[in-house]
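J.: Quick one: dock chain against chain with the hints and give me the complex.
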Amino acid sequence: GENVEQHPSTLSVQEGDSAVIKCTYSDSASNYFPWYKQELGKRPQLIIDIRSNVGEKKDQRIAVTLNKTAKHFSLHITETQPEDSAVYFCAATGGTSYGKLTFGQGTILTVHP
Amino acid sequence: GAVVSQHPSRVICKSGTSVKIECRSLDFQATTMFWYRQFPKQSLMLMATSNEGSKATYEQGVEKDKFLINHASLTLSTLTVTSAHPEDSSFYICSAKGPRGTYEQYFGPGTRLTVT
Chain Z
123 GENVEQHPST LSVQEGDSAV IKCTYSDSAS NYFPWYKQEL GKRPQLIIDI RSNVGEKKDQ
183 RIAVTLNKTA KHFSLHITET QPEDSAVYFC AATGGTSYGK LTFGQGTILT VHP
Chain F
1368 GAVVSQHPSR VICKSGTSVK IECRSLDFQA TTMFWYRQFP KQSLMLMATS NEGSKATYEQ
1428 GVEKDKFLIN HASLTLSTLT VTSAHPEDSS FYICSAKGPR GTYEQYFGPG TRLTVT
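So the sequences go chain by chain: Z and F.
Position in the first sequence (from 1) plus 122 gives the number in the numbering used here.
Position in the second sequence (from 1) plus 1367 gives the number in the numbering used here.
Looking at chain F on its own, in the form it has when it is part of the complex (with noise of 0.2 Å):
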């Protein structure tokens, strides 16, 4: 149980397009999930939690209207990288909180951005 899918997992884009990448908890709702990225060698940065029903909280320094989420359901949650640019590639993770009362987080596989 408790399995989160994303799609894609790889992309490649050219400069100045958009890309949407969608993670899904397959086997249980999740009220909260997360996205990071991940720069090569480098650790997980929270880019944002996202939560069914309300609009996400960015972290410091991540612009909201660059990354979109929507959380429309409690089984999908989508960012949305907009105009993108070559710094914006990057591995893309999302996380989905488990039932409430845990702190567990089931981490989707990842989707890898290259923009062009």
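Okay, chain Z solo, but in the shape it has when bound (with noise of 0.2 Å):
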């Protein structure tokens, strides 16, 4: 099955810096790589998302890039702000694995004003 992996586990930045998340995927028949930030105790949200046929999606200040050689995606969060703080996940899909994804581990975000 798909294995996503995701990096860092915690980030710091400063309020206007950016931050990236990177992930890697498993199984090259994945073809779809949303993005969730999740507050505490409320349901994931999605943010952006990117399909195989793409390799770069842009929406505001969120972006996300897809390397389907290397079989890694990234988060790029521009001019953060302080309620940018949440926990990130990426996640897989598509092939044989009808719809089901897996997510990575999570990315704690805060960003200090």
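There's no promise every hint is true.
Said to hold, decoys possible - Label pairs and their in silico Cβ distance ranges:
1) Phe1406/F - Glu205/Z: 24 to 32 Å
2) Thr1398/F - His194/Z: 30 to 38 Å
3) Thr1424/F - Lys164/Z: 24 to 32 Å
Claimed, not checked - Lysine-lysine pairs mimicking BS3-like chemistry, simulated, CA-CA at most 30 Å apart:
4) Lys164/Z - Lys1381/F
5) Lys1387/F - Lys159/Z
6) Lys193/Z - Lys1408/F
7) Lys164/Z - Lys1387/F
Since the hints were made in silico from the structure, they are not lab data.
We put the beta carbon where it would ideally sit given N, CA and C, even for glycine.
T.: Structure, rendered in structure tokens:
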């Protein structure tokens, strides 16, 4: 099955700095890669996703890049704000997984004012 | 659109009792729903895939007789934790898969289960 590794486990930045979270996946058949933001006790919220036919996608301060050859994808947050502080999860699915998401271990992002 | 609800949001039960958690897709039909468990400071672990009108598919290591899943309609899936024990205390989250051909999942708000 699919295996997703996520790094770093914690990330601390100053307000206004950029934050980068990286994930690798094992199944070359995976073709959908979402990123979720989860606040304590709340549901995961989809913040951006990318499909395997695209190398990069951007939505305001958030961008995701995908390298299919290396099987890794990254989340980039620019001009971070304190409200960006949360746990971020990457995930992967596709191929024979029938839509089942495999999540990374999560990254606790703290943005200091 | 694409709203998923869960009930209850929090439940406390005694060891040995059973607890039922409901997951509903409010404005769309979901032929496939997923149940996840999340322990504190950990990631979401898929427990099972729930398909309307058929038996659930459980992930390796998940006891199907302990975690009963019923997907009786296109908008409702239920998870029943039977003979609950303190180690079953966790955050349980369901999700509903989007329309055929899409991979996006819509998550419920989660249910905090505490077994005393």
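J.: Taking the hints in turn, state whether each one holds.
T.: Hints and how they fare:
At roughly 26 Å, the beta-carbon separation of Phe1406/F and Glu205/Z lies within the given 24 to 32 Å, and the hint holds. For the pair Thr1398/F and His194/Z, the beta carbons lie near 32 Å from each other, so the given range of 30 to 38 Å is met. At about 27 Å, the CB distance of Thr1424/F to Lys164/Z agrees with the hint of 24 to 32 Å. For the hint pairing Lys164/Z with Lys1381/F, the CA-to-CA distance comes to about 24 Å; that is within 30 Å, so the pair holds.
Our distance criterion of 30 Å between C-alpha atoms is met by Lys1387/F and Lys159/Z, whose separation comes to about 27 Å. Distance restraint check for Lys193/Z and Lys1408/F: the Cα-Cα separation of roughly 26 Å lies within the 30 Å cut-off, and the hinted pair is therefore satisfied. As the CA atoms of Lys164/Z and Lys1387/F are separated by approximately 20 Å, the hinted pair is consistent with the 30 Å bound.
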